[in-house]
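Q: Residue-level listing of the chains:
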Amino acid sequence: AQSVTQPDIHITVSEGASLELRCNYSYGATPYLFWYVQSPGQGLQLLLKYFSGDTLVQGIKGFEAEFKRSQSSFNLRKPSVHWSDAAEYFCAVGNSGGGADGLTFGKGTHLIIQP
Amino acid sequence: DTGVSQDPRHKITKRGQNVTFRCDPISEHNRLYWYRQTLGQGPEFLTYFQNEAQLEKSRLLSDRFSAERPKGSFSTLEIQRTEQGDSAMYLCASSIIRDGLFFGSGTQLSVL
Numbered sequence: 001a002q003s004v005t006q007p008d009i010h011i012t013v014s015e016g017a018s019l020e021l022r023c024n025y026s027y028g029a030t031p032y033l034f035w036y037v038q039s040p041g042q043g044l045q046l047l048l049k050y051f052s053g054d055t056l057v058q059g060i061k062g063f064e065a066e067f068k069r070s071q072s073s074f075n076l077r078k079p080s081v082h083w084s085d086a087a088e089y090f091c092a093v094g095n096s097g098g099g100a101d102g103l104t105f106g107k108g109t110h111l112i113i114q115p
Numbered sequence: 001d002t003g004v005s006q007d008p009r010h011k012i013t014k015r016g017q018n019v020t021f022r023c024d025p026i027s028e029h030n031r032l033y034w035y036r037q038t039l040g041q042g043p044e045f046l047t048y049f050q051n052e053a054q055l056e057k058s059r060l061l062s063d064r065f066s067a068e069r070p071k072g073s074f075s076t077l078e079i080q081r082t083e084q085g086d087s088a089m090y091l092c093a094s095s096i097i098r099d100g101l102f103f104g105s106g107t108q109l110s111v112l
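Which chain is which? The protein sequence lines are A and B, in order. The first sequence runs 1 to 115 under our numbering. The second sequence runs 1 to 112 under our numbering.
For the record, the hints were derived by calculation from the structure and aren't laboratory data. Take these hints with a grain of salt, some might be off.
Stated by the list, open to error - The calculated lysine to aspartate or glutamate pairs, modelled on DMTMM-like cross-linking and capped at a C-alpha distance of 20 Å, are:
hint : chain 1 : residue 1 : chain 2 : residue 2
1    : A       : 49        : B       : 99
2    : A       : 49        : A       : 64
3    : B       : 11        : B       : 56
4    : A       : 107       : B       : 86
5    : B       : 71        : B       : 7
6    : A       : 61        : B       : 99
7    : B       : 57        : B       : 44
8    : A       : 107       : B       : 7
Claimed, not checked - Only part of the chain B face toward chain A is listed, based on derived beta-carbon distances under 7 Å:
hint : residue
9    : 29
10   : 45
11   : 74
12   : 88
13   : 91
We put the CB at the ideal spot given by N, CA and C, even for glycine.
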C-alpha cells in the first residue's frame, strides 16, 4: 500500500529565509507526487505536481520540489518565504494509473513564519 | 470557471440526524472524489466517481454513508444517523486524468 511520511509536524522559519519541507513516500511503481497547501478552514490548493521527466518541478507562489527516486523523497523548497506562506502543507502520492483511487496524503507540516 | 463548489460550508447537527452535502465539480472534470479530514490529519479518501459510476469506496465509508452522482455532474454525500465521530471537514475534489485533484473549500460538520 502506498504511504506518505512528512517527518516535521511544525516548522518555524523567519520571513525572508529559505524553506525546505520534507516528504518521503512508499510506492511500488512510478509515483505521481503532489504538494498542496491549506489555509485554516479552507480546502487544499495544488502547488505543484510530478508525473515524469525533469525531476525538479516548478509550482505556483515561487515553490519548487525535487523528486529523488533513490531517496524516495519529494521535498518542497522556497528560497525566500513570505508571511502569507504560513499554512499547512501536505504531500501526496497517487498511482500512475491516473488516480483511480485518489491520492494518499501525509499528515501535513504546519509552517509558522516569524517576523 | 469558478472551481469546485461545496454547500453548505458549515453544518451543525444533533446526533442521530441525517445530513446531506453537495459538491459541484469543475465542469469539464469527469472524476469526482470525496475525502474526510479531521483536525491535525491529512485528507482521507472516502469514495470516487468516474462520470456517474461510483468506482471505489474506502473501508472508512460505513453503511451510514452514501454518495451519488446523478448524470455525472454534481454529487451528494449523505450521512444517516450521525455520530459524534462523524465530525470532520468533508472535502470534494474533481480532476481529469494526470492533472491532480482540485479541491473545494469543504463542508465542516459538527455533530453535537
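Q: For every hint, state whether the structure bears it out.
A: These are the hints, each one checked on the structure:
| no. | hint | in the structure |
| --- | --- | --- |
| 1 | A:49 x B:99 | 8 Å, holds |
| 2 | A:49 x A:64 | 10 Å, holds |
| 3 | B:11 x B:56 | 26 Å, violated |
| 4 | A:107 x B:86 | 19 Å, holds |
| 5 | B:71 x B:7 | 19 Å, holds |
| 6 | A:61 x B:99 | 18 Å, holds |
| 7 | B:57 x B:44 | 12 Å, holds |
| 8 | A:107 x B:7 | 25 Å, violated |
| 9 | 29 | 11 Å, violated |
| 10 | 45 | 4 Å, holds |
| 11 | 74 | 16 Å, violated |
| 12 | 88 | 13 Å, violated |
| 13 | 91 | 6 Å, holds |
Checked against the numbered hints listed earlier, the structure breaks hints 3, 8, 9, 11 and 12; every other hint is satisfied.
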